[in-house]
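**Q** Residues per chain are reported as follows:
2 protein chains.
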Amino acid sequence: MALSLRRRLPLLALLLAAGGLRAAERSSGSSSAMEELATEKEAEESHRQDSVSLLTFILLLTLTILTIWLFKHRRVRFLHETGLAMIYGLIVGVILRYGTPSTSGHDKPFSCSQEDRPFTTLLVNVSGKFFEYTLKGEISPGKIHNVEQNDMLRKVTFDPEVFFNILLPPIIFHAGYSLKKRHFFRNLGSILAYAFLGTAVSCFIIGNLMYGVVKLMKLVGQLSDKFYYTDCLLFGAIISATDPVTVLAIFNELHADVDLYALLFGESVLNDAVAIVLSSSIVAYQPTGENTHAFDAAAFFKSVGVFLGIFSGSFMMGAVTGVVTALVTKFTKLHCFPLLETALFFLMSWSTFLLAEACGFTGVVAVLFCGITQAHYTYNNLSVESRSRTKQLFEVLHFLAENFIFSYMGLALFTFQKHIFSPVFIIGAFIAIFLGRAAHIYPLSFLLNLGRRHKISWNFQHMMMFSGLRGAMAFALAIRDTATYSHQMMFSTTLLIVFFTVWIVGGGTTPMLSWLNIRVGDHVPSVEEMSESRWLYFRMARILKEGTEQSRKVLGSSGYGIALTIII
Amino acid sequence: MALSLRRRLPLLALLLAAGGLRAAERSSGSSSAMEELATEKEAEESHRQDSVSLLTFILLLTLTILTIWLFKHRRVRFLHETGLAMIYGLIVGVILRYGTPSTSGHDKPFSCSQEDRPFTTLLVNVSGKFFEYTLKGEISPGKIHNVEQNDMLRKVTFDPEVFFNILLPPIIFHAGYSLKKRHFFRNLGSILAYAFLGTAVSCFIIGNLMYGVVKLMKLVGQLSDKFYYTDCLLFGAIISATDPVTVLAIFNELHADVDLYALLFGESVLNDAVAIVLSSSIVAYQPTGENTHAFDAAAFFKSVGVFLGIFSGSFMMGAVTGVVTALVTKFTKLHCFPLLETALFFLMSWSTFLLAEACGFTGVVAVLFCGITQAHYTYNNLSVESRSRTKQLFEVLHFLAENFIFSYMGLALFTFQKHIFSPVFIIGAFIAIFLGRAAHIYPLSFLLNLGRRHKISWNFQHMMMFSGLRGAMAFALAIRDTATYSHQMMFSTTLLIVFFTVWIVGGGTTPMLSWLNIRVGDHVPSVEEMSESRWLYFRMARILKEGTEQSRKVLGSSGYGIALTIII
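In order, the protein sequences belong to chains A and B.
Each step along the first sequence adds one to the number in my numbering, with nothing skipped, and position 355 is 1161.
Each step along the second sequence adds one to the number in my numbering, with nothing skipped, and position 193 is 999.
One chain only, chain A, in its complex shape (with noise of 0.2 Å):
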């Protein structure tokens, strides 16, 4: 049960790449021209298909963003952009599954038997012509016939690895790269207790429930298939990422409390990469022999060894990359040309992900301590325009993934074709999610208390409990892996949970908010918010002087002096 995680990776491939990217067939040379031809309208009509099916996508954002706009321009706080993402998604994915006929594709099967292993390309002799194809994966024997009948819906398909390699490490790095410094090293400490021993006490918490849950199936009869107690473990260190991205958006938009601010936003940032580290350990985690999938302690400690190892060879890259960066910029006067500057900064970033990625660690979590280290020391040497620039790079760049993400999800709901849902697993699933996050937050916040001068106090605590939502992660690291019985239910009930908590949690907020009695608008200007707008107030002054030169010669010295009564 390899779920080889971090390895098929298309790289970098695939950005929004709809379906198994079928390179299209090529006929060239000599040949004759009736089949040729038929090869080819076949092409160009998958390629337009194609097309179709990215159209659905961008529409799909393009209605969210009008939405959004409407809801942002009304003040409605109950449903955030993610929230509506998702409900686009669904409604799309009801059309799609209802609405398109079930045609059954132009790709018939064809067997031909090897006696070795499968090749990664295969050459296939057609009538005296030779072609080309490459593997895409194995296919279980029962699903031959009737996977994939509807080629809408395979063509909005991604590959999963689009989720890992393309949409999340701009959402990830963003996510380092704007965070509130001061408030954040502030409360490390705690940050980093919950991240770490936070997310490893739900993961094994959750895990340990589920495969109460799993006994219980297997007891009345509800399981139809394996699932063992790595699975279990998997689906906590899965479901264990947080993403209170909706919470975070009304708290920035209220400017409640800021500490509470920090440690909200660092525990998700950093629990996301903890989370990807576990599961891939967990995965790793292989008891020898045929009697596997029960407790082995060298495999154990193994995976505890390879935690440690990826965490750390992640964590050393991003931060070296970051640091290099800085240095480079620092040294080289690079910031009289933003565009050079801001490229230079999104190829070393990116380089980030690959390293790690060439050197077998995690990109994802390299790319969060990249944008920690170039926010914390690059950020500074770059020039305004620089700073601004790149910030809005990224701030784009995440918005995009992430809407592009969640409007996903909605679609999955009903296009994914290997759904099973078990209402005793979802059940148990929630209550296990429920009890894994009291279980981490308020014990920990008490031992925390014991140490801390500004105490966490219990409404902070409820705040954090209630906050435990589930969002892009969670479902980019549960769709890594479909392919077996356990791995489907897993993903279904994941999606499940990012539904309710993002639209039931996300909408109760506010509400919350003031039920728990939590300061908002108290907006103190940090001191890295006092210097940004000092510098500003100074490059403003700058290029004020110029304009009014400028202006002077535009407008006349009479029309100026105009424009500067009605101004002033």
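No lab work stands behind these hints: they were computed from the structure.
Fair warning: there could be bad hints in the mix.
Identical copies carry no separate label here, and so any pair may be met within one copy or between two of them.
Here are the simulated SDA-like pairs of lysine to any residue, each with C-alpha atoms no more than 20 Å apart in a straight line [as the list claims (entries may be wrong)]: (1) Lys1024 with Phe877; (2) Lys1197 with His1141; (3) Lys1197 with Leu1145; (4) Lys1197 with Cys1142.
Keep in mind the model is a prediction, meaning the values are calculated, not measured.
Once you have looked at the hints, place chain B on chain A.
**A** Coordinates of chain B only, in the frame set by chain A:
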């Protein structure tokens, strides 16, 4: 000899996806461990190599950026960044070619005969397990055993469609979006004449001259395979796409004559579109019957029809989405949320590409006209922040894409495995492009001067003649199909022409300008720039006002007074 242009689109897939995107093996379900482990190790290895090859490109770009900075810093003008990117690409290409061991990949050919035509998907039964394969393309029988022996070389070879669908759109969109409207529209007639008539004339003259060269080669026995008249015409279309990016960069820097700038820029932007559509029309020119590749009036007119159809369709698509975006941004108050506005702008512009591809038009051409429309209408509805955001976003994308293409070109000279360098053909091509450009610039300028108030002077004509560089577009068109002997020869020749023109012509621009006595440094602010600066002034004043209040808070009134005296 169907080229199947515009058809094989692994849609917007493969953002810098190395190699043929062999979706690595995924072995799932319950199966014996050893075999699976081997497959996974292989997949992991392949993934690592993907990362390394992408890292190579990023390193290349980073190096280019740092060197560009040095050059700009020292005001070196004889080598433009694109030329530099090519040089670095060449160096890395040499290293990869001669420095890496020639590993014969693990993709052993496996033959199994099919009776029917090739399917897009293949299911292969390997000792009871089923694997899915996707069609990659046809391979000529002679090449089965000797193609792509070197893994690293294969990894750095991209699917040609990557250039067309990922890298060209941002470049072309940026060209349209950054068009300086006033001078462009003032010279619109001349630009259209140069772009449409000029490119057509150039294409036919080059095509016919090259047909003569090919005849000559056949006579002296230098030609070892077929080379049709249509191939020659296609070469004419490919090589007629000029790309004076180097020249324009220098013009911009030296503030050379704005009309000349507008003429050159407008011509090069539009003639890219003409060249794309022309080449697809030539491909569509397929006379019926076995005695093909001769002149056939019906097929000719069909091609002309195709040209007009594709061109006007793409134009409409681009213009319509541009106008729709303009209307949306006008009638919503989206400009209060620059992030949403920017995201919407990006998505709408991208949807043009997809829409055009979905309708069977040319996405790149549609994107160009979308860019022009967006600049003309939408730009004015955007908030000030979004204006700079969108400009900067596309500027960065354009910069990265362009330098990537140019460094890839350098690389391709050594890593592309099917080069055919024919000295006669190459010399012929250089003469043909010289004559082709002369035959289009001078007579057209003469005709245009009959109607123009501001005549195009002789030195302007010489400068335009001189600025006929070939760049990214010619390369992308040439690499699109390298399946046959004639196309391989055309590709190699195009590569050399690009190298020569970018280095020699690019380096000679500054001397040429002074030799032709073309005025430099006469920067008169345009109306837009003036209104922009006025806008900026008002906005700055507002920000300053707010900034003043905040600064007073931060600095205290005495500190504020000191700051003020420092500035003013």
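**Q** Tell me, in ascending order, the numbers of any earlier hints that this structure violates.
**A** Violated: hint 1 alone.
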